[in-house]
Amino acid sequence: MPASWKYFAFRTFNMLLVLVIVVFILSASYSTLAERELEATARNQARLDLMAQEEVENPNEYLERRIEYYRRRYNLHRPRWQRIFFSAWDVLTLDFGQANEMTHRGSRDVTTIIMGYLPNTILLFTTAAVIYTALGIAVGLKAAQVAGSKLDKFLSLFGITASSMPMWWVGMLAILIFVYQLGWFPRPDPQFPRVERLGYMGYIRAILYKLALPLATVVFVLFGGRAWVTRNLVTGVLQDDYIMAARAKGVPERKVIYGHTLKTAAPPVVTSAIMALLMSMGGAMISEIVFQWPGMGYLLRMAIFTYTDVPVILGISFIMSFLFIFGYYLADLIYGFLDPRVEVGSSGAMGGR
Amino acid sequence: MVHWEDLKADTVQTLNEFKKHKIGLIGVGLITFMIMIGLLAPYIAPGVADDWERGHPRWGPNPSQAAPTFVDWITRDDYARQEHLQNFEYELGERNNIHRHTLTHDMQADVVPREIFYDFSGEADSYTRRVIEIERPDSDELDGEPGFRVTGGRFVIVDERRDEKGEFRETITTQRRMVIRDNLYSQARAYLRRQDFNYTDPGPRNINPVRTIFGEANENWLSDNPDPLKGQYNITIEIHAVGLGTEEDPGLDEANVHIGGAVYGVFGTDRDRRDIFLGWVWGARFGLYAGGIVALTTILFSTTFGMTSAYYGGWVDEFMSRIHEIIMGIPTLPILIIVLEFYSRSINMFVLIYALLMWRGAARVIRARGLQVAQDTYIEAAESLGSGSARIITKHMIPQILPYAVAQAALLVPIVIMAEAGLHILGLGDPSIVTWGTILTEARAARAVMNWRESWFWILFPGVGMIMIGFGFISTGMALERIINPEMQQR
Chain A
158 MPASWKYFAF RTFNMLLVLV IVVFILSASY STLAERELEA TARNQARLDL
208 MAQEEVENPN EYLERRIEYY RRRYNLHRPR WQRIFFSAWD VLTLDFGQAN
258 EMTHRGSRDV TTIIMGYLPN TILLFTTAAV IYTALGIAVG LKAAQVAGSK
308 LDKFLSLFGI TASSMPMWWV GMLAILIFVY QLGWFPRPDP QFPRVERLGY
358 MGYIRAILYK LALPLATVVF VLFGGRAWVT RNLVTGVLQD DYIMAARAKG
408 VPERKVIYGH TLKTAAPPVV TSAIMALLMS MGGAMISEIV FQWPGMGYLL
458 RMAIFTYTDV PVILGISFIM SFLFIFGYYL ADLIYGFLDP RVEVGSSGAM
508 GGR
Chain B
203 MVHWEDLKAD TVQTLNEFKK HKIGLIGVGL ITFMIMIGLL APYIAPGVAD
253 DWERGHPRWG PNPSQAAPTF VDWITRDDYA RQEHLQNFEY ELGERNNIHR
303 HTLTHDMQAD VVPREIFYDF SGEADSYTRR VIEIERPDSD ELDGEPGFRV
353 TGGRFVIVDE RRDEKGEFRE TITTQRRMVI RDNLYSQARA YLRRQDFNYT
403 DPGPRNINPV RTIFGEANEN WLSDNPDPLK GQYNITIEIH AVGLGTEEDP
453 GLDEANVHIG GAVYGVFGTD RDRRDIFLGW VWGARFGLYA GGIVALTTIL
503 FSTTFGMTSA YYGGWVDEFM SRIHEIIMGI PTLPILIIVL EFYSRSINMF
553 VLIYALLMWR GAARVIRARG LQVAQDTYIE AAESLGSGSA RIITKHMIPQ
603 ILPYAVAQAA LLVPIVIMAE AGLHILGLGD PSIVTWGTIL TEARAARAVM
653 NWRESWFWIL FPGVGMIMIG FGFISTGMAL ERIINPEMQQ R
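Top line first, the protein sequences correspond to chains A and B. If you count the first sequence from 1, you need to add 157 to reach the working numbering. If you count the second sequence from 1, you need to add 202 to reach the working numbering.
Next comes chain A alone, as it looks inside the complex (with noise of 0.2 Å):
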C-alpha cells in the first residue's frame, strides 16, 4: 500500500519537525532564568572558594577570577543564542545532563532524577487512565444502547458535572470524608512503602492501601467525561442511514451495536484512548500535591520552586511535550489505519473529527 506508506513518511517528518521547534521554543522561553540561576551559583561557588582559601593577597581579584572561571563552566561566555541551541540540542539528542541542585538517591543526572518520579505518576494516573478508559467505554455503548432512559440522562448529568469539578478539589473532600473522617484510607504521604521493609506481599497490599483513594478519585472525575463522549459518539452513529438500514433488515441489535457501529465509532474512540493513556504520563500537578503523590508534577512543582533548577524543568517540559506530539502522531497514524477515508497531506494536519 504505498499510499500508506507515503502518508506514513509525512505524519513521521511532520512529527519530528514540530518536536524539533517546540524543544527550541522551550528551551529559548527558559533561557532568562537559566542565565539568572547560573549566574547566582558561579556567583556563590566563587565565594565558597574564597571562604575556603587560607590567605588571599587581593580577594576581590580572586574572586572576580574564580566567578570567570565558573562562567565559563556554564558556558555563561557564549552568546545567548549558543546556549539555547546546544540545551535544546542536547534534549533531543535525549541528554538531560546534570541537575544544578536537585538529586535523586545521590545522583544529579536529570534522567535519573525523572526516572525516580516517572513510575509513580504511572502507577497512579496511567492505571486509572486504563480504568476509566475501559469502564467509560463500556458504560457510553451501554448508554447508548438505552438512549433516552434514565441510565441515559443519568450519565449526561454526571458527566458534565464530573468534567466541571476540579479534580484536586475532588482530592480533597476525598480525604476530608474517607481519610480523615472515615479513617478508611491512609493519610497522604509523599513515602512510599519499601519492599525489604515489608517484604513482597506486605509491600504490595501496602501499595494497594495508599494508591486505593487517588486512584478511585481519579477514576471517579474522568470516567464520566470519557462515557459521555463514547456515548455521543455512538448515538451519533447509530442515527446514520446504514445503521437504519441494518435494523430494517431485521440484523439483531446486539450486532448493529457490536458489529456496524463500533466500526464506524471507533477510530475516534481508540485515538481518545491512547492519548488518554500517553498523556496520564505527564501526571496532574495539582493533584499529586494534594495527594502528597510523588509523580511528575510533584517534581516539576520541586524543580521550580524549591531549587529553580532549570535543566530539571526543561527535561520534564520536554516529556510532557514529547507525549502529546507523540500522541498526536500516534492517534493520527491509527485514524489513518482504522479510517480509510483519510487523506494523505494536509488533511491530516489539523484534522477536524
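Do not take every clue at face value.
Stated by the list, open to error - Computed Cβ-Cβ distance ranges for the label pairs, DEER-style: (1) Q396(A) <-> L209(B): 27 to 35 Å; (2) G249(B) <-> R262(A): 48 to 56 Å; (3) E410(A) <-> F521(B): 21 to 29 Å; (4) G407(A) <-> F272(B): 54 to 62 Å; (5) A166(A) <-> G515(B): 19 to 27 Å; (6) F521(B) <-> L205(A): 47 to 55 Å; (7) T596(B) <-> Y415(A): 30 to 38 Å; (8) P244(B) <-> L205(A): 53 to 61 Å; (9) Y357(A) <-> F521(B): 51 to 59 Å; (10) G340(A) <-> N427(B): 13 to 21 Å; (11) K222(B) <-> A295(A): 28 to 36 Å.
It is worth saying that the hints were derived from the structure and are not from the lab. Virtual Cβ for every residue (Gly too), placed ideally from N, Cα, C.
Following the hints, position chain B against chain A.
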C-alpha cells in the same frame, strides 16, 4: 462587515432550537445566575476583595469556622446564632479601680455558641487584671456542695497582666487564651471528681472552653461534645485598672460582647472569621472575569486563524497547520508557572497567557468546519460573481462559523476557572484578590481536611461554585454544538 441579517436569522433559529434542550436551558440559567452574582459582587459584599486578609477588623467579632446558617434549618437541632449583647450593666467599683460589666445571655440552643468575645479599650495609669465570672443556670444546685470553692455554677477566670500604662485595647475570646481553658478545665474537673462522675479526662489541652461553659455538668462535661445546658447565664467581667478614663468620665472607652454563633452567614466562616459567602461572591466575579476574557479572545483568535487557514487552503493552510501543531505542542503548565513565579502574579498576566494559548483547540474545530463551508457551492457562486475574499469571509463564512467558536469558547470557561484556582494551591494566585482558589488554599493551609465537622463547608462551597459555572458553560456549549451540527463527531 458581517451580514447582520443572516446572523440575526441564524441566532433566532438557534435560540428556538435551544429551548428544546433541557440541560442546555439549565446551563443558561446557571450562567445567568452566576453572572448576576459576579456583577453584583460590589453590592452584595462591598470591599471584601480588599479586606480579605487575616485579622482584618472587618471580620473581628465573627465566629471562627461556624457552619452555614441553613444547617440550622435542615437539622432538628437548634443552633446558637451570632449575637451582639447590648444589655450591659456597668458599675464602677471602689476607688474607680474596678470596672464591672454585668450582662445576661439566655442560651436556648442545642448546639452551643462557638465563642464568647469581649473586647474593650480605654486609657489608664495601670491596667492589671481581668476577672471573668460566669454564673450558670445550675448555680444553686452546685453551690450547695460543701467545699465547692469558687465554682459550681460559677466559673471564675482570672487573667493577670503586667502593669501597663496608657492606652490599651484587647479582645478576650474564650477560645484563644490558655488561661481561660486551664481555669475552666480545673474547675470543671474538680466538680466531676467530687461528684464521683465516671468521666474520661481529656487533659486541659483538649477541652473546648466554650462548650464547657455551656455544657451540662455530667459525665460528658469534659468530652468533645458535652450536652448543652440551657438557661440564663450571667456574665460578669471585671477590668482592674488604676485611673481608668478621665476624672469627669471614668471608665472604659468601649466594651463589646459578642456571642459567636454556631452558625453564621450563607456559607459559614473560615478559621480567620471571614464570611465564606462574601469571598465566594468575589470568587464568582474574578472567575468569570478570567474565563470570560479568555473565551472572547478564543472566539476572536480561533475564528481568525481557522478561517484564514480554511479559506486560502493550499500552502497557506499547510503552513498554518504546522504553526498550529507547534503551538499545540507547547506545554502550558511549566510556561505558565515560570512566568507567574518569576515575573508577575497578577490575574491579568494569567489571563494573558491563557488567552495566548487556549485558542489552539478551538482553531482546529473552526478550520475543519471552515473547510466544509468553503466547499459549499454558494461560496463558489459568490466567488464567481466577483466578491472579494474579505467580503466572502465576513459575509458568508463567519455567520456559519461563529456558533462553533462560541460553543468551543464556552467549553473553555470552566477550564480557565479551574486552572486559576489551581494556581492558588501552587502559591501563584494573585495575592490582591480573592477567588475560589484563594479560599481553598487557605483551607488547605489550615489543614481543614482533618476535621469534617468544622470545615466541610469551607472546602465544599468554592468547589460548588466551580461546578455551577462549569455545568452552566459545558451544558450550554454542548447543546449549542448539538444544534448547529447534530451529527458532529468528536475525537
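Each hint, compared with the structure:
1. Q396(A) <-> L209(B): 27 to 35 Å: holds (28 Å)
2. G249(B) <-> R262(A): 48 to 56 Å: This hint holds: roughly 52 Å between Cβ atoms.
3. E410(A) <-> F521(B): 21 to 29 Å: Between E410(A) and F521(B), where Cβ atoms are some 48 Å apart, the hint is violated.
4. G407(A) <-> F272(B): 54 to 62 Å: The hint (54 to 62 Å, Cβ to Cβ) holds, given that G407(A) and F272(B) are roughly 57 Å apart.
5. A166(A) <-> G515(B): 19 to 27 Å: Hint holds: Cβ distance 23 Å, inside 19 to 27 Å.
6. F521(B) <-> L205(A): 47 to 55 Å: holds (52 Å)
7. T596(B) <-> Y415(A): 30 to 38 Å: violated (47 Å)
8. P244(B) <-> L205(A): 53 to 61 Å: holds (54 Å)
9. Y357(A) <-> F521(B): 51 to 59 Å: holds (56 Å)
10. G340(A) <-> N427(B): 13 to 21 Å: holds (18 Å)
11. K222(B) <-> A295(A): 28 to 36 Å: holds (30 Å)
Going down the numbered hints, you'll see the structure goes against 3, 7, while the others check out.
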